[in-house]
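Undergrad: Next come the chains, spelled out residue by residue.
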Amino acid sequence: MTIDLKTIKHISKLSRISVDDEKAKKLAGDMNTIFDFIEKLNELDTDNVEPLTSVAETTLKLRVDEVKSGNIREQVLKNSPDKNEDFFVVPRVVE
Amino acid sequence: MSDITSLTLTDLVKNIKDKKISSEETTKAFIDRGEKSRDLNVYITEDFTNALEKAKNFDKKPNFDLKLPGIPMAVKDLFCTNGVKTTAGSKILSNFIPPYESTVTQKIWNEGAILLGKLNCDEFAMGSSNETSFFGNVQSPIDKNLVPGGSSGGSASALAANLTPITIGTDTGGSIRQPASFTGTVGLKPTYGSCSRYGIVAFASSLDQAGPMSKNVKDCALLQEIISTYDEKDSTSIDFKRNSYSKELTNNIKGKKIGIPKEYRVDGMPKEIEDLWIKGIEYAKECGAEIVEISLPHTNYALPAYYIVAPAEASSNLARYDGVKYGFRSKGENLIDMYEKTRSEGFGEEVQRRIMIGTYVLSSGYYDAYYLKAQKVRKLIKNDFDNAYKKVDAILTPSTPSAAFKIGEKTNDPVSMYLNDIFTVPVNLAGLPAISIPAGVDAKGYPLGLQIIGKAFDEQNILNIAYAMEEKIQFKNKITDWWIK
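Sequences listed follow chains A and B, in order. What the first sequence shows, in this note's numbering, is residues 374 to 468, in sequence order. What the second sequence shows, in this note's numbering, is residues 206 to 690, in sequence order.
There may be inaccurate statements among the hints.
[Claimed, not checked] Partial chain B-side listing against chain A, Cβ under 10 Å, derived:
| hint | residue |
| --- | --- |
| 1 | Asn246 |
| 2 | Met474 |
| 3 | Met561 |
| 4 | Leu577 |
Since the hints were derived computationally from the structure, they do not count as laboratory data. Think of the CB as a built atom: it goes at the ideal place given N, C-alpha and C, for glycine as much as any other residue.
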């Protein structure tokens, strides 16, 4: 299998990472090397194997739904790149 | 006392409790050495002024009942520290100040330790040489232009260079054990679910674990005892009975069955690694352990499976970095353009590559072929270990397939860089505990480590084996202070 430039552009869109042509070429090269390496898995017959989704063989504990760390709005907003009083600000999305 | 910084944690604690040295003296000693060692580039953020203040406060009202009374220490910059910048080695978090504390670091401060600063690491812990950090390479104190390993490279360097008496790292595919092996130090990756992931910048959530890095096994046991706790803030934290690892530490491992997996004899493995392993087997026998040949037949498939699972989880975890709520933001013509530019400029090359791989293997039409396949292979790898543990109590392997390499030597070949983790990755996929201890040096004098892998929740057993073997090995790290002018 080969990952072509069109696929790279598609993945970059899905990943929300802008990629110019030069970067796309480099990425295609690297990813093809990595996927050649990954293809080794196809040597294994896994038809009757259950996928392992978690190594923690434990059931989720239930807890009371209550606020434990509140009133830190100012501290949280302090990290925002752009803010307006109590809101995060983003480029205009509605004309 | 002239050599405070070269003391082990255990000795440092004793000296402080015996009032032979104060927390202030100790903290000052590590700060002074840290200031002289800036060429190693271990710190992303120094918190020296606050550290000294805290040490003075400790001395005014000392509490010697604590396990880390007034002990200064630096931690990997992947742990959120309340009010202290936490970057994960990335530009995208280069101005992030957490409004909360990770559970693991909170446990450490609760025992009286004092934060010295935040240590360099590969960006989002993605790397095996600390070369992907936005804040630059870390030098290993072992030799000039040598990588300390990664991703906990700053932690390993700082520890080996006596800039911190003990430290913590995180290990997703070997990020504690490999740098420990490269720098002649001890590193433990605990069982998945032992240490809370709350407040640790996430990389691959089903693999990430925090763990101690130290100068000897006893110190490692003490720190593990402190950071291993059940935490309701982490839904994968496991509520099991934890040992008092340092108190129960024993060098009596008579009759323990230690497995030697034949699949770890990989093609092209340097002879000195093979020799180290044989030496390790001899030491284990001298300690009274019984050696058993075992097979872990799917070992060769661990790394390819890891390079599907880890990037897939990373692509999902790192979706949160969008330039809106915190971190770096680039200007865009519209919202989508802002996202794409922020992520393109904010993430480094390796991180972008892994996000792209992860996005691809999770994308429509490829999920079954890659992600589901990898999860099935992961099951086979776990089954290998389950079968082996019917016959043995622990498994002994080399920690890495080679000693440390030079900065820049492997940066152009991602797969050759990934191969560094060939012996450590299977352990993460199976969620097991494993410890790396220094066991010898290569022809150039660079440290080599041995890895002891345990059953899930059996940290005490591998700590005991490591403790017994450490006594036989008598490893001494040769640090020449070449970087201090």
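Undergrad: All the hints need checking, so say for each whether the structure fits it.
TA: Verification of the supplied hints:
{"no.": "1", "hint": "Asn246", "result": "violated, 25 Å"}
{"no.": "2", "hint": "Met474", "result": "violated, 18 Å"}
{"no.": "3", "hint": "Met561", "result": "holds, 5 Å"}
{"no.": "4", "hint": "Leu577", "result": "holds, 6 Å"}
Comparing the model with each numbered hint stated earlier shows that hints 1, 2 do not hold.
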